[in-house]
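Asker: Take a look at the letters that make up each chain.
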Amino acid sequence: MSHKLNLSCCTSALVELRSFLQLSLKDYGFSEMDRHQITLAVEEVCANLIIHSHACNPKEIIYLEVKDLEKKLAIEITDKGDAFNLLEYEVPDLNQVIEEKRKGGIGIFLVKKIMDEIEFESINGENTCRLIKKFPTTNMP
Amino acid sequence: MLQLEKIKEENRDILRLIGEVDASNSVLLDQSMQEILQQGATFLLIDGSQLGYISSAGLGVFMSYLDDFSDRGIRFAIFGLNEQVSEVFKILGLDRLIQIFPDKSTATTLAHEP
Chain A
1 MSHKLNLSCC TSALVELRSF LQLSLKDYGF SEMDRHQITL AVEEVCANLI IHSHACNPKE
61 IIYLEVKDLE KKLAIEITDK GDAFNLLEYE VPDLNQVIEE KRKGGIGIFL VKKIMDEIEF
121 ESINGENTCR LIKKFPTTNM P
Chain B
1001 MLQLEKIKEE NRDILRLIGE VDASNSVLLD QSMQEILQQG ATFLLIDGSQ LGYISSAGLG
1061 VFMSYLDDFS DRGIRFAIFG LNEQVSEVFK ILGLDRLIQI FPDKSTATTL AHEP
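Quick mapping for you: the protein sequence lines, in order, are chains A and B.
The letter at position 17 of the first sequence is residue 17 when you use this note's numbering, and the numbering goes up by one with no holes.
So this note's numbering is basically just the index in the second sequence, starting at one, shifted up by 1000.
Since the hints were derived computationally from the structure, they do not count as laboratory data.
Be aware that a few hints might be false.
[Stated by the list, open to error] With a straight-line cut-off of 30 angstroms between C-alpha atoms, the simulated DSBU-like cross-links for lysine-lysine are:
no., chain 1, residue 1, chain 2, residue 2
1, A, K71, A, K133
2, A, K80, A, K133
3, A, K4, A, K134
4, A, K134, A, K112
5, B, K1104, B, K1008
6, B, K1006, B, K1090
7, A, K101, A, K67
8, B, K1090, A, K113
9, A, K112, A, K133
10, B, K1008, A, K112
11, A, K112, A, K71
12, A, K71, B, K1090
13, B, K1104, A, K67
14, B, K1006, A, K133
15, A, K71, A, K101
16, A, K26, A, K133
17, B, K1008, A, K71
18, B, K1090, A, K133
19, A, K112, A, K72
20, B, K1104, A, K101
21, A, K67, A, K26
22, B, K1090, A, K134
23, A, K26, A, K101
24, A, K101, A, K72
25, A, K134, A, K59
26, A, K4, A, K71
27, B, K1104, A, K4
28, A, K133, A, K67
29, A, K113, A, K26
30, A, K26, B, K1104
31, A, K113, A, K71
32, A, K112, A, K26
33, A, K4, A, K101
34, A, K72, B, K1104
35, A, K4, A, K59
36, A, K134, A, K101
[As the list claims (entries may be wrong)] Restraint ranges, calculated between C-beta atoms of paired labels, are given here:
no., chain 1, residue 1, chain 2, residue 2, range
37, B, T1042, A, K101, 18 to 26 angstroms
38, A, Q22, B, Q1003, 14 to 22 angstroms
39, A, S12, B, Q1050, 20 to 28 angstroms
40, A, K67, B, K1090, 26 to 34 angstroms
As the structure is a prediction and not an experimental result, all values here were calculated from the model.
Idealized CB from N, CA, C, for every residue including glycine.
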C-alpha cells in the first residue's frame, strides 16, 4: 500500500500536506499522538525545503510517498534542487536559539526526536529524504 | 487556518489562538505578540485551548520573545494545550522554559515573573 502527493512549493500548501498525512497515516495502526508527531516531522522537512531550497516558488514540486516497509512506515520526500541533507545539520542548542532570537532552526531537532530513522540520498540532482517510523508493537500480529 | 483573538482582562492580555500555526501564518502570531507588547503588556497569557497544531515556525515565535520577557519582567504563560500539542512543547524541552498550565484560572494564579 502506498499514498502519494505532489506538493507545490508554497507554505500555503502545508495545510494540504497535513490533511493528506492525517488521512494516509490512519491505515497503519498509529495512535493519534503518533500521527500528530509524524505529521509534524514530515511538515518540518517539507517547510524547510519549500522555504530554503525552493524559495517558495509554487511552480516547483515536492514529491511525497507514504509506504509500508513491513514492520515500519517510510515517508519519502523527493525534490530537485539544492540538496539539504538534514543528517548533516547540526541541531542548535535551545538556549542559543533563544539568545539569538532566532525564529527557525528547531524544526529539524523535532524531526530527529520524532522519527526512528532518517535516510538521505542525492542522485543526479534528485534528493530523497526518507523518514522512518516503526509500527506500534501492540498492533503487530 | 489561524484566527487570533486579543482579549484584555484586568491586568492581563490574553491572546487566543484558534486553528493551526505553521510556516504560512506564524508571522501573524508574531505580529499579534508584538502589538500586545508595544501596548505595554506586563502579563501575557496564550490561550491554546483551541489550538489544534503548531509547528516549529510557531514555537520559534514564542522562543524569540523569552529573553525580552525576562529582561522586562513580563509574566508569560500558555494554557489549555491539548495533549498532542502539549507533547510537542515537551519534545523540544520548551515546557522547562515556558510556563504551561492546564487552564486559565491556574495560569492566572500561578504564572510568575520570569
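Asker: Against this structure, judge whether each hint is valid.
Answerer: Hint by hint, here is what the structure shows:
no., hint, in the structure
1, A/K71 <-> A/K133, "9 angstroms, holds"
2, A/K80 <-> A/K133, "24 angstroms, holds"
3, A/K4 <-> A/K134, "20 angstroms, holds"
4, A/K134 <-> A/K112, "14 angstroms, holds"
5, B/K1104 <-> B/K1008, "13 angstroms, holds"
6, B/K1006 <-> B/K1090, "26 angstroms, holds"
7, A/K101 <-> A/K67, "38 angstroms, violated"
8, B/K1090 <-> A/K113, "11 angstroms, holds"
9, A/K112 <-> A/K133, "11 angstroms, holds"
10, B/K1008 <-> A/K112, "39 angstroms, violated"
11, A/K112 <-> A/K71, "20 angstroms, holds"
12, A/K71 <-> B/K1090, "27 angstroms, holds"
13, B/K1104 <-> A/K67, "42 angstroms, violated"
14, B/K1006 <-> A/K133, "39 angstroms, violated"
15, A/K71 <-> A/K101, "41 angstroms, violated"
16, A/K26 <-> A/K133, "14 angstroms, holds"
17, B/K1008 <-> A/K71, "52 angstroms, violated"
18, B/K1090 <-> A/K133, "19 angstroms, holds"
19, A/K112 <-> A/K72, "16 angstroms, holds"
20, B/K1104 <-> A/K101, "27 angstroms, holds"
21, A/K67 <-> A/K26, "12 angstroms, holds"
22, B/K1090 <-> A/K134, "21 angstroms, holds"
23, A/K26 <-> A/K101, "37 angstroms, violated"
24, A/K101 <-> A/K72, "37 angstroms, violated"
25, A/K134 <-> A/K59, "34 angstroms, violated"
26, A/K4 <-> A/K71, "20 angstroms, holds"
27, B/K1104 <-> A/K4, "42 angstroms, violated"
28, A/K133 <-> A/K67, "11 angstroms, holds"
29, A/K113 <-> A/K26, "21 angstroms, holds"
30, A/K26 <-> B/K1104, "33 angstroms, violated"
31, A/K113 <-> A/K71, "20 angstroms, holds"
32, A/K112 <-> A/K26, "22 angstroms, holds"
33, A/K4 <-> A/K101, "37 angstroms, violated"
34, A/K72 <-> B/K1104, "40 angstroms, violated"
35, A/K4 <-> A/K59, "18 angstroms, holds"
36, A/K134 <-> A/K101, "35 angstroms, violated"
37, B/T1042 <-> A/K101: 18 to 26 angstroms, "20 angstroms, holds"
38, A/Q22 <-> B/Q1003: 14 to 22 angstroms, "20 angstroms, holds"
39, A/S12 <-> B/Q1050: 20 to 28 angstroms, "21 angstroms, holds"
40, A/K67 <-> B/K1090: 26 to 34 angstroms, "29 angstroms, holds"
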